[in-house]
Structure formats: structure tokens, C-alpha cells
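Asks: Now for the letters of each chain:
2 protein chains.
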Amino acid sequence: MQTKILLEENDIPTHWYNVVADMPSPPYPSFGPDGKPLKPEMMLAIFPGNLLEQEASRERWVPIPEAVREIYRIWRPSPLVRAHRLERMLGTPAKIYFKNESVSPAGSHKPNSAVAQAYFNKMAGFNRLTTETGAGQWGSALSMAAEMLGMEARVFMVRVSYDQKPFRRSMMKTWGAEVFASPSELTQAGRAVLAKDPNSPGSLGIAISEAVEEAASRKDTNYTLGSVLNHVLLHQTVIGLEARKQFEKVGDYPDVIFAPCGGGCNLAGLSFPFFADKAAGDKRARNLRIVAVEPSSCPTLTKGVFAYDFGDASGYTPLMKMYTLGHDFMPPGIHAGGLRYHGAAPLVSQLVHEKLLEAVAVPQLATFEAGVMFARAEGIIPAPESSHAIRACIEEALRCKETGEPKTLLFNLSGHGHFDMASYDKYFAGALEDYEYPESAIHEALQRLPKVPE
Amino acid sequence: MQTKILLEENDIPTHWYNVVADMPSPPYPSFGPDGKPLKPEMMLAIFPGNLLEQEASRERWVPIPEAVREIYRIWRPSPLVRAHRLERMLGTPAKIYFKNESVSPAGSHKPNSAVAQAYFNKMAGFNRLTTETGAGQWGSALSMAAEMLGMEARVFMVRVSYDQKPFRRSMMKTWGAEVFASPSELTQAGRAVLAKDPNSPGSLGIAISEAVEEAASRKDTNYTLGSVLNHVLLHQTVIGLEARKQFEKVGDYPDVIFAPCGGGCNLAGLSFPFFADKAAGDKRARNLRIVAVEPSSCPTLTKGVFAYDFGDASGYTPLMKMYTLGHDFMPPGIHAGGLRYHGAAPLVSQLVHEKLLEAVAVPQLATFEAGVMFARAEGIIPAPESSHAIRACIEEALRCKETGEPKTLLFNLSGHGHFDMASYDKYFAGALEDYEYPESAIHEALQRLPKVPE
Chain A
1 MQTKILLEEN DIPTHWYNVV ADMPSPPYPS FGPDGKPLKP EMMLAIFPGN
51 LLEQEASRER WVPIPEAVRE IYRIWRPSPL VRAHRLERML GTPAKIYFKN
101 ESVSPAGSHK PNSAVAQAYF NKMAGFNRLT TETGAGQWGS ALSMAAEMLG
151 MEARVFMVRV SYDQKPFRRS MMKTWGAEVF ASPSELTQAG RAVLAKDPNS
201 PGSLGIAISE AVEEAASRKD TNYTLGSVLN HVLLHQTVIG LEARKQFEKV
251 GDYPDVIFAP CGGGCNLAGL SFPFFADKAA GDKRARNLRI VAVEPSSCPT
301 LTKGVFAYDF GDASGYTPLM KMYTLGHDFM PPGIHAGGLR YHGAAPLVSQ
351 LVHEKLLEAV AVPQLATFEA GVMFARAEGI IPAPESSHAI RACIEEALRC
401 KETGEPKTLL FNLSGHGHFD MASYDKYFAG ALEDYEYPES AIHEALQRLP
451 KVPE
Chain B
1 MQTKILLEEN DIPTHWYNVV ADMPSPPYPS FGPDGKPLKP EMMLAIFPGN
51 LLEQEASRER WVPIPEAVRE IYRIWRPSPL VRAHRLERML GTPAKIYFKN
101 ESVSPAGSHK PNSAVAQAYF NKMAGFNRLT TETGAGQWGS ALSMAAEMLG
151 MEARVFMVRV SYDQKPFRRS MMKTWGAEVF ASPSELTQAG RAVLAKDPNS
201 PGSLGIAISE AVEEAASRKD TNYTLGSVLN HVLLHQTVIG LEARKQFEKV
251 GDYPDVIFAP CGGGCNLAGL SFPFFADKAA GDKRARNLRI VAVEPSSCPT
301 LTKGVFAYDF GDASGYTPLM KMYTLGHDFM PPGIHAGGLR YHGAAPLVSQ
351 LVHEKLLEAV AVPQLATFEA GVMFARAEGI IPAPESSHAI RACIEEALRC
401 KETGEPKTLL FNLSGHGHFD MASYDKYFAG ALEDYEYPES AIHEALQRLP
451 KVPE
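In order, the protein sequences belong to chains A and B. Under this note's numbering, the letters of the first sequence match residues 1 to 454, in that order. Under this note's numbering, the letters of the second sequence match residues 1 to 454, in that order.
Simulated from the structure, these hints should not be mistaken for laboratory data. Keep in mind that the hints are not guaranteed to be accurate.
Copies of the same chain look alike in the list, so a pair counts if it fits in one copy or across any two.
[Unchecked claim] Capping the alpha-carbon separation at 30 Å, the derived lysine-lysine pairs in DSS-like fashion look like this:
id : residue 1 : residue 2
1  : LYS173    : LYS219
2  : LYS278    : LYS321
3  : LYS426    : LYS173
4  : LYS401    : LYS4
5  : LYS196    : LYS283
6  : LYS173    : LYS401
7  : LYS4      : LYS249
8  : LYS426    : LYS303
9  : LYS4      : LYS245
10 : LYS122    : LYS95
11 : LYS4      : LYS173
12 : LYS321    : LYS303
13 : LYS4      : LYS95
14 : LYS4      : LYS39
15 : LYS249    : LYS283
Generate the whole structure from the sequences, applying the supplied hints.
Replies: Okay, here's the thing in C-alpha cells:
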């Protein structure tokens with residue numbers, strides 16, 4: 001029985017899909033961190049003009065440069081896989097498919113945007129990039145992309161990850177990047193933190209501040225972000241565009257799509273092109289459900305509010321209208337590091353708010369249970385982030401078993417877990433816990449939302 | 001420019017290729033460890049009859065069971081990749097291709113045989129498998145294969161690897177295997193070693209003894225080996241059979257094939273089907289060179305002798321005619337753990353002896369340099385074993401640059417380096433060394449070869 005649905009390299013999309021063109025209402029404007037209208041020069045200090053154009057674009061299709069497609073050829077099109085063995089293990093009449101984004105050399109979907117961001121920066125005359133990384137997936141992807149385009153990369157890696165995930169760091173160095181533990185002595189932001197607390201474990205917020213400060217202060221250097229922003233989500237739509245073509249090839253179409261959701265870029269990447277079908281009135285998509293799966297310990301979409309907030313913890317970024325738990329919400333140290341984010345991408349948030357996307361939250365132990373079940377059925381060891389989607393998909397497949405519905409389910413295998421085995425060890429040792437964030441703490445964090453003109 | 005040459009799942013070979021059918025002279029017989037003719041019952045105590053038939057087969061084609069092909073579908077056919085970016089980096093007129101065996105869920109070519117061995121054991125009524133593992137690639141592959149066939153697996157992992165490579169161990173546990181540090185208290189062989197030295201770091205030889213002892217003493221349990229034996233090499237020929245079809249698809253054919261060589265199974269797997277062309281008088285294969293690449297610190301094929309020797313360090317296995325450095329030769333602790341073997345597969349050895357295969361040895365630092373160069377060009381971080389083939393291939397490509405010859409080069413990317421990042425770290429820190437084994441030590445080890453009737 002056919003397992004992998006493959007495409008040829010000529011099938012790599014020639015354009016990214018911009019969901020803004022099909023949204024029922026236009027995106028909300030962003031504001032400066034001071035609540036006043038956002039000044040273009042502020043953004044141009046850290047991003048190139050061509051990417052800012054993409055950020056604001058309302059065109060449905062944005063061309064993918066041939067040089068970017070050339071690099072995509074190394075791992076794209078990624079396989080769409082029919083999980084026959086998982087179906088049999090569950091005894092479900094549902095058909096389960098997954099898009100295998102773990103096949104990129106960096107091990108996740110992140111290079112889809114990293115390569116594009118590096119390329120557009122290079123075209124705009126910048127030869128040096130900074131970024132931050134927590135769990136290390138984005139930092140790895142950017143390091144690889146920069147090396148492939150002959151650019152320099154400097155990665156600020158949250159101190160606690162730098163110490164606990166040394167092999168992600170080694171990967172970045174193999175691709176020639178400079179990696180520094182954040183807070184570092186290299187920036188004012190870093191030095192200020194270290195002056196107060198020389199043993200600071202760091203945070204994504206601090207690392208963002210360092211990467212932005214360096215990009216803003218050097219003319220040859222720009223900043224890159226791995227999720228949340230419109231242009232990042234745009235680049236990820238190659239995932240769903242390919243998947244749509246792969247379903248066509250086997251004459252099938254998904255009834256429900258599941259993707260893990262932290263910032264929201266892999267969810268957007270897989271699902272937006274199917275959302276386009278829905279918006280276009282395609283009858284196959286009429287009952288399509290798109291489900292964002294988040295950790296119940298960081299329940300942005302299911303328990304947060306849709307409001308203006310900062311993208312970072314420290315309040316340096318513009319204010320964006322999005323689902324948020326409050327920018328200083330500190331999620332517990334769960335092992336799906338990529339999903340520990342207080343907000344969600346504005347485009348994803350708006351579609352959830354308009355009830356065009358759904359969201360569910362799943363507890364940590366259930367995700368590891370699902371991840372191990374998947375690994376035993378299909379071989380591939382999933383990233384803890386991906387296991388969130390796997391969990392929700394398995395639950396749907398089991399509901400299908402009860403009702404007898406032969407639904408077609410699709411989830412995003414956003415990455416492999418080769419650099420997360422320490423988390424698996426803790427799971428097997430019974431050392432992982434579920435953590436439900438108390439409503440009161442969320443309520444408290446939401447009191448500190450910044451004010452903006454309505 | 002096309003980068004990946006893909007095949008559909010229907011192109012997964014239906015038969016393995018048995019090189020014995022095309023060798024100019026028949027394989028040498030093996031003898032019991034006592035030097036007397038090998039008794040079938042001795043082998044039947046630890047291997048199933050169907051695999052022993054394959055071990056002795058002279059048929060050119062051996063059918064691949066449909067159930068094995070079903071599991072192969074998860075990652076096979078593996079891509080043949082044109083390394084355009086590496087070619088440009090080197091400025092060579094040569095065309096460089098690699099077969100990407102790192103795409104299996106276990107991360108190497110090893111599952112090609114692990115799945116087959118598990119399947120044939122199951123067909124023969126055995127439901128439990130033992131094996132040993134050093135670096136962890138084979139133990140991972142067998143754990144995955146056993147789980148997929150609903151069988152139990154017990155892996156004896158060399159103590160020093162068990163402690164230093166905890167994540168390979170976690171991988172095996174994720175696939176449901178039992179993993180024990182060897183020497184263990186579970187076997188007489190293990191207890192005997194521990195009685196003498198409670199802190200023994202273990203060795204592959206000791207781990208083999210433990211796995212064999214347990215298989216021999218339990219009726220429901222058999223032993224599996226990850227390389228060296230004829231049937232293991234046979235299973236690996238899916239690699240070369242696919243590659244041959246992929247070259248046909250693009251109208252090209254290799255002039256030189258490079259593969260790392262420890263036991264010899266990935267070299268055999270990639271090259272034997274091309275050797276078949278040569279044996280059949282195919283004119284494209286007339287000048288084909290096949291090059292085994294080994295570490296200069298463990299130079300079995302380039303500095304060893306072609307003689308009868310034990311397959312393990314302790315002298316428990318049958319005596320096989322092969323290139324050997326002496327069964328008690330202790331290779332230094334280089335980081336390509338999969339290539340630290342005193343012998344080489346009898347079939348590979350015989351073809352090298354008959355000058356139908358070539359062998360070269362490369363020093364450790366040069367392999368890491370090549371591995372990093374490859375990662376920076378092509379993205380994929382190679383296993384240190386694979387970097388041996390990459391090094392030799394790069395040297396050939398640079399010779400082509402001097403002579404202007406547009407040769408077609410092919411190497412086996414036998415695995416990825418995701419579980420070898422500690423070795424990369426040591427390389428970057430300047431903490432790795434080259435090690436040339438002194439001729440006198442080899443000479444001395446060769447004095448201890450066992451005697452057999454000629």
C-alpha cells in the first residue's frame with residue numbers, strides 16, 4: 001500500500017500564498033511600543049525593505065525567487081505520508097496523513113522561512129544576520145540558511161538552553177554561525193541583565209532584545225524572526241501548497257487538519273492554502289476544520305484574550321493585535337520549547353477570533369504518550385512540539401472509531417525529536433508533569449496589557 | 001537544476017542481489033572456533049534456518065518478502081542526490097552524487113537488514129531478538145525493526161557508549177527495546193568480566209558474547225548481527241539496486257564509487273549491484289572503480305592480511321577468511337565508532353584480495369574537515385563514518401579539477417550525525433587527533449591469528 005506521496009522538484013511551488021487576500025476582514029494595524037503609529041524607519045533599522053513589503057502585502061500570490069527554490073530542492077517537496085501503521089494500531093476507520101517537515105537538514109519546517117529571509121536580506125545588501133533561539137530549531141535553521149547564502153549569522157541562545165542543549169549549539173557551529181549564550185556581554189541589554197543577575201538563565205525576551213539591539217546598531221546587519229510575523233507565515237505556505245497537490249495526486253482531501261501552535265508559523269504554513277479553498281467556495285473544503293493544538297500549560301488561544309500586546313517579554317517590539325496571555329506571562333518549563341510563547345501570530349489569532357480556525361489545548365504527558373505511540377508505529381521520533389498535533393489527531397481518529405466515520409485527517413510533523421531525547425528520557429523516568437496554568441495567574445498577567453488607541 | 005533523483009515506492013527492489021553468483025571464485029568456507037568444520041546445529045542455536053539459507057545461497061536473486069517491502073516504504077527508495085553545491089564549492093568538473101541513507105527513522109542504512117532479519121526470525125517462529133551495539137546505529141535499527149514486527153528486542157550496549165551516548169539508548173527505549181550496559185550481570189560472560197573488573201568499560205567483543213549467550217540459551221530468542229555476514233550484505237543491496245535505477249533515470253553512470261568500510265555492509269550494499277554490471281560485461285561499468293574507505297587508525301583492508309580469524313575479539317565466533325588486523329587488535333578510540341572493527345566482511349575481503357575492489361585509508365581530522373565542508377555545502381550533517389567516504393570523494397573531485405576530467409562520482413551517505421555532535425564539538429575545540437597505528441603493533445597482533453586447515 002502506498003505510504004509516501006511524493007512530488008518532483010518541479011512541483012515546488014513558484015509562489016507563496018498570502019492568506020490576507022482571502023480573509024473576511026483586513027489585518028489590524030500594528031503600533032509602536034509607545035502605542036503611537038508605527039514608524040517605517042524603526043522597522044527599516046532591523047528588516048530589509050523587501051521583507052517589509054511582504055509583511056504588508058495584500059497580494060494573494062508572492063513569487064518565490066528561483067535561488068530560494070534551488071535551496072528548497074535539497075529537501076523539498078517534503079513527503080506527504082499515509083500513516084497506515086498508526087491507523088492499524090488505533091483500529092480506526094479514519095485515514096491519517098502527515099506532512100513530514102522533519103526531512104530538512106535542520107530537522108524542522110523552520111528553514112522554509114530562514115532561507116527566504118536570508119535571501120531577501122542578501123538582495124537588499126545585508127550580509128550579516130542576528131537572531132535569538134530558545135529550543136534551537138530556529139537558530140539552527142537560520143545558521144544553515146546564512147551559510148548556504150554565504151552570509152554571517154550570530155545567534156543569541158537563551159542561556160538555559162545553551163547549557164542544556166549543547167548539541168543544537170554544535171549544529172549551528174557546524175554551519176559556521178557564532179552562538180552566544182544570552183544574556184551576553186556583547187550588548188547593552190545583555191550587560192544590564194548581567195549587572196543585576198550574573199547568573200541569569202536568560203529568556204526569549206532578553207535574547208530578542210540582544211539580537212534586535214545588535215541589528216539596529218550595525219548598518220551591515222539585520223534581525224530575523226522565526227515565527228509570528230506575516231512574512232514568516234507566508235514563507236511557510238509551501239508546506240500546505242505541496243500537501244494540497246499531494247492530496248490531489250491520490251484523489252483525497254482532508255476533513256480535519258491539526259498542527260502544533262506556538263507562534264503559529266507551521267500551523268499557518270500547512271493550513272492556509274486549504275483555507276484558501278474554503279474561502280474560494282471549493283465544495284471539498286466546505287466542512288474542513290483546521291485545529292491549532294497548543295499546550296494546556298501555555299493556552300494562548302484557548303484561554304488568552306484577543307488584544308494588543310508586545311511580541312516580546314520586555315516590551316521592545318511593536319504592539320500587535322493577537323491572542324495573548326500577557327507579555328510577561330511565564331509559561332512553565334515544558335519540553336515543547338517551541339510552544340512556550342505568550343502570544344500567537346496576528347493572522348492566526350484573527351482567524352481564530354473570527355471562528356475560522358479552532359484551537360484545543362493538550363497536557364504534556366498526553367503529548368509524550370502520543371509521540372511514543374507514533375514512533376512505535378511509524379518509526380520517526382517526533383519533536384515534542386509535533387506530538388501536540390499527533391495527540392489531537394489520535395483523539396480524533398479514536399472518535400472516528402466510535403462513530404465509524406472514515407474521515408481524512410492530516411497533521412503536521414513539524415520536526416523530529418533527535419535533539420529532544422533528554423525529554424523522552426524524563427518521560428520514561430516518570431519525571432515529567434502536567435501543568436495547568438491557574439486562571440488567576442492568567443487574569444493577573446492580562447491586567448498588565450499595554451494600552452493602545454482603539 | 002534537479003537535485004534529488006527520486007523513485008516511486010513501486011521501484012523498491014523486489015529481490016536482493018547476491019554477489020556470490022558473480023564472483024570469479026566461490027567464497028571460502030568458514031570453520032568452527034576450534035578450527036574444525038562448522039556444525040550447522042551451532043549456527044541454528046542462534047540464527048533461524050531461513051537466514052542461514054541466505055547466508056549460504058549462491059542464487060543471484062533472493063526475493064524480498066512483501067511484508068519487508070511494506071516497511072521499507074516508510075523511507076525507501078532513498079534519494080540519490082546530486083551535490084551541486086559541493087561541486088561549486090570545490091570548483092570541480094566532476095559530478096558528485098550521494099545516496100542518502102540517512103533518511104531512515106533510525107538515521108542510517110542499518111534498518112535495511114534489521115527489518116529483514118526481524119522478519120525472517122518471526123517467520124521461523126522466534127519472537128525475541130538479542131544483539132550488541134557499539135556506537136548505537138545497529139542497536140537503534142534493530143530496536144525499531146523488532147517493534148515494527150511486534151517482537152521483543154534486548155540490546156547489549158558497550159558500557160562506554162551506554163554512558164557517553166545516552167541519546168542513542170533513549171532512542172532504542174522509545175522503540176520499546178530493553179537496553180543493558182555490557183558487561184552486565186545478565187550473562188555468564190558478563191558476570192565473568194565484572195568479577196575481574198567491576199568497572200570494565202566493555203567492548204564489542206564482550207557485548208557479542210553476551211548477546212550470543214542469551215540467544216543460545218533461550219529457545220524463543222535468536223541473535224542478530226549488523227554487518228559482516230553474507231545475509232546482512234545481501235539485504236543492504238537495495239541501496240545499490242535503487243541507485244542503479246536512479247542513474248538510469250538521469251542517463252548517467254558512476255566512474256568511481258566510495259563507501260565507508262567497517263564491517264563492510266554499506267559498501268557492499270551500494271557497490272555490489274554495480275559490480276554485477278561489471279561482471280556481466282556492461283561496457284559502462286568497464287572502468288568503474290569501487291573504493292572502500294577506512295580509517296587510517298584501523299586499516300584492516302590496507303594494512304591487514306587476508307587470513308582466517310575470529311569475527312569477535314574473544315574468539316567465540318566461527319573462523320572466517322577475511323582481511324584482519326588480528327582479532328585482539330584494539331583500534332584507538334576514534335569517533336567513527338562504526339569503523340572500529342579488526343576485520344572486514346568475507347565477501348568484501350575476497351573481492352579486495354582479487355583486486356576487484358580498492359581500499360584507501362584516511363586520517364580522522366581529514367574526515368571531520370570533509371564532513372564540515374559537506375554540511376556547509378549541502379546542509380546535511382554527516383555521521384563520522386560517512387565522512388570517510390566524503391573525504392575520499394572530495395579528494396577525487398579535486399584530482400578531477402587538476403586534470404579537467406568530468407568524472408561521475410558516487411558516495412554513500414550511510415547516516416546522519418545527529419547523535420555524534422559531541423564528536424563535532426571535540427573537532428571544533430581542536431581536541432581530536434590523528435592516529436596512525438604502528439606497523440609493529442599490527443605485526444604483533446597478526447602473530448596471534450588462529451590456525452585452520454588449509
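Asks: It remains to establish, for every hint, whether it holds in the given structure.
Replies: Okay, the hints, checked on the actual structure:
Taking CA atoms no more than 30 Å apart as the test, LYS173 paired with LYS219 passes inside one copy only; the shortest distance there is 24 Å, against 50 Å between copies. Taking the shortest alpha-carbon separations for LYS278 and LYS321, only the intra-copy value of 24 Å comes in at or below 30 Å, while the best inter-copy value is 67 Å. For a Cα distance limit of 30 Å, the shortest separation of LYS426 from LYS173 qualifies both inside one copy, at 27 Å, and across copies, at 12 Å. Proximity of LYS401 and LYS4 under a CA criterion of 30 Å is satisfied intra-copy only: 24 Å inside one chain copy versus 39 Å between copies.
Taking the shortest alpha-carbon separations for LYS196 and LYS283, neither the intra-copy value of 59 Å nor the inter-copy value of 74 Å comes in at or below 30 Å. In this homomeric assembly, LYS173 and LYS401 come within 30 Å of each other (Cα to Cα) only across copies, at 29 Å, whereas the closest approach inside a single copy is 47 Å. In the homo-oligomer, the alpha carbons of LYS4 and LYS249 lie at most 30 Å apart both inside one protomer (11 Å) and across protomers (20 Å), since each shortest distance falls under that limit. In the homo-oligomer, the alpha carbons of LYS426 and LYS303 lie at most 30 Å apart inside one protomer (28 Å), although the nearest pairing across protomers, at 46 Å, exceeds that limit.
Taking the closest pair of Cα atoms, LYS4 and LYS245 come within 30 Å of each other both inside a single copy (13 Å) and across two copies (19 Å). Taking the shortest alpha-carbon separations for LYS122 and LYS95, only the inter-copy value of 28 Å comes in at or below 30 Å, while the best intra-copy value is 43 Å. For the homomeric pair LYS4 and LYS173, the shortest alpha-carbon distance between copies (26 Å) is at most 30 Å, but the shortest distance inside one copy (33 Å) is not. Taking CA atoms no more than 30 Å apart as the test, LYS321 paired with LYS303 passes inside one copy only; the shortest distance there is 16 Å, against 69 Å between copies.
Within a single copy, LYS4 and LYS95 get their C-alpha atoms as close as 13 Å, and across copies as close as 29 Å, so both meet the 30 Å cut-off. In this homomeric assembly, LYS4 and LYS39 never come within 30 Å of each other (Cα to Cα): the closest approach is 48 Å inside a single copy and 45 Å across copies. For the identical chains of this complex, LYS249 and LYS283 are intra-copy neighbours only, at 18 Å inside a copy versus 39 Å across copies, given an alpha-carbon limit of 30 Å.
In terms of the numbered hints stated before, the structure departs from hints 5 and 14, listed from lowest to highest.
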